[in-house]
Amino acid sequence: MATAAAPSILDVRADFPIFGRRIDGRPLVYLDSAATSQKPESVIAAIDDYYRRHNANIHRGVYTLAQEATEMFEGARERVAAFAGGQTETTIFTRNATEAINLVAYAWGREHVGPGDAVLITQMEHHSNIVPWQLLCEETGAELRYLDVSDEGKLSLEQLDAELARGDVKLVACAHISNVLGTINPVAEIVGRARSAGAVTLIDGSQAAPQMPIDVGALGPDFYAWTGHKALGPTGIGVLHGRRELLERMRPFLGGGDMIRTVDFQRSTWNDLPWKFEAGTSMVAEGVGLGAAVDYLTGLQMESVRAHERELVGYALERLREVAGVRVIGPRTAEERGGVISFELEGIHPHDVADLVNRENVCIRAGHHCAMPLMRRLGVPATARASFGPYNDRSDVDALIGALAQARQVFGV
Amino acid sequence: MDDLYRDYILDHYKRPRNFGELEPHDLEAHDHNPLCGDELGVHIRVADGKIVELRFHGQGCAISQAAASIASEEYVGMPLDEVGGLDGEWLIELLGIPISATRRRCALLNLKVMRGATTGDASWPNGGG
Ligand SMILES: Cc1ncc(COP(=O)(O)O)c(C=O)c1O
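Protein chains in written order, with the numbering used here: chain A, 1 to 413; chain B, 1 to 129.
Pulled out of the complex, with its shape left as it was, chain B reads as follows:
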């Protein structure tokens, strides 16, 4: 089996969870990784300060799309004010695959978009380069 493209990564890439649009939504953001053309947007519904539902949409490499899908399952139910405190290491650990420097931004794009939507901070999470 491939180190990077593990079965669960490819499964999330081919059948992404929480993907699509969400109308109406309370929060949204959209961003891209100009290096490789990965694009990702998010629609979020909030209740009682928590993320109750979210949908990613976009296109990109397997790492960026699978990472969004895997992380989406963590974001649902999370208090809004926790998102801004998440860092790149949290995400890389969650993915459980060796992410090289050249693929780091692919993996981190979903967190960047989430932080953009919840805190307005559109910078790369630490370690994003």
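Chain A on its own, in the form it takes in the complex:
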């Protein structure tokens, strides 16, 4: 459908080769960027160029290729750190957000959390930000407590204050943006209050880093985790920004090559930050790819990416209201949300909704979105979820709305 009346803030679909793909002769309507993003040509080309022209193991080689590869990887780290407002030496590459969170749970948590302590998380967390804390609490005898999610998909700062006032909270971990509700959490307030109460904070920025300007330095959490593949980068690379004082005092997470300074028969000493936390050969091509991804996003300007997604979400919320039987879950306005909309369609299970709209090449996700406790809290077995990236525009929303109308017809509801 033509959308000439309201041009998108960004018009970048042509930068993403996958949208040249036709399935059954028709274009792709990709509305699953919260699960993973599509990749621009520049990211694919950077990985290709790395393997074709520069591939070598990094850090210790003296020959030209090894120097180039090292510079490309460490250069990517600098740009990734700058992209998120972090410092290069405290920006650690991991496999994904999940590994970044586990790094903190193991290397910081095992040392600082014990019986009688509490770890405070929220009911809207992704399993990645739940299970590592369950394991930690099980092992150490600490208590895992949750901040509630309101019917509108929000947290309560009053409840946070009450929890912190109990005096036993050692760590607060919370999503910046919920991958199910879309809620943008008040992380600056959460971090500030936790800090005043002496608790360490970890923010899961997996959904935020791809969508909005992030300034980890200004925000001030002790740890901020995100994942490359949702931010236009490749799979296999994630990021942990950490507070230097904590990282310096922490024991390593994994042991092996690269993370050591010296190894003797019985003992070893650790490499400097960030390499102390990067055992084994790094994901070099993936780092280079993520560097290209943040270059691309920086070129678009994250303020524009955020504005683009807010505009699209506003349009989608409006159009979803036209479809009888749709119930949108989460905050009411686009201002309070990232580019994620979970919904239910009365009389049709989300799994069937996703299957039916797929006939129109509309890719949405159905299920628990790795947030089973949240599904419980919301009282739904699953939701359908549409989510947006910089390459989407109003025509994608129109295609979804059309496909939902057809789904209702098939089911006779």
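Hints were generated in silico from the structure; no laboratory data involved. Do not take every clue at face value.
To be verified - Derived contacts from chain A toward chain B, CB cut-off under 10 Å, selection only: (1) 158; (2) 162; (3) 411.
Unchecked claim - Every beta carbon over 10 Å from chain B, so not counted as near; a handful from chain A, in silico: (4) 51; (5) 67; (6) 157; (7) 165; (8) 355.
These numbers were taken from a predicted model, which means no experiment stands behind them. Don't be surprised by glycine CBs; every beta carbon is placed ideally from N, CA and C.
Using the hints provided, position chain B with the ligand relative to the given structure of chain A.
Coordinates of chain B with the ligand only, in the frame set by chain A:
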């Protein structure tokens, strides 16, 4: 007409046969498909080694619920020791619709629950993934 969501599938989804609870019952099992949140339980009454009555209960997608409803009509009257020998192909054929790999577990959940209740084997029937 839709290939997958045929009229009889939607009819079984909207008006499932043999659904509800059965008290008292001789056998029961409950299971779910974590991928999509489909849930299904069963209560079974047995006499002379045969299933004389059964009720499924749960919630889930049209395929999982309709498949349970359609298969329930086959399970009633079946000797208990035959249930363990049923395989995924039997069920898919019974449904008569093209089941893609991603929907296979939806379709097979009822057989998994039935085998759990009658044999204690809670693994996915062959082809369940
Ligand atoms: C909020 C949130 N946290 C964590 C993750 C985990 O990301 P990954 O699987 O790349 O570690 C995801 C993505 O699935 C997410 O949406």
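Hints versus structure:
1. 158: At about 32 Å, which exceeds the 10 Å cut-off, the nearest Cβ of chain B leaves the hint on residue 158 (chain A) violated.
2. 162: Violated, because the Cβ-Cβ distance from residue 162 (chain A) to chain B comes to roughly 32 Å (cut-off 10 Å).
3. 411: Where the cut-off is 10 Å and the nearest Cβ of chain B is about 6 Å from residue 411 (chain A), the hint holds.
4. 51: holds, 32 Å
5. 67: Non-interface label on residue 67 (chain A) holds, nearest chain B Cβ at 47 Å vs cutoff 10 Å.
6. 157: Non-interface label on residue 157 (chain A) holds, nearest chain B Cβ at 31 Å vs cutoff 10 Å.
7. 165: The assertion about residue 165 (chain A) holds, with a minimum of 36 Å to chain B.
8. 355: violated, 7 Å
Violated hints, listed in ascending order, are 1, 2, 8; each of the other numbered hints is respected by the structure.
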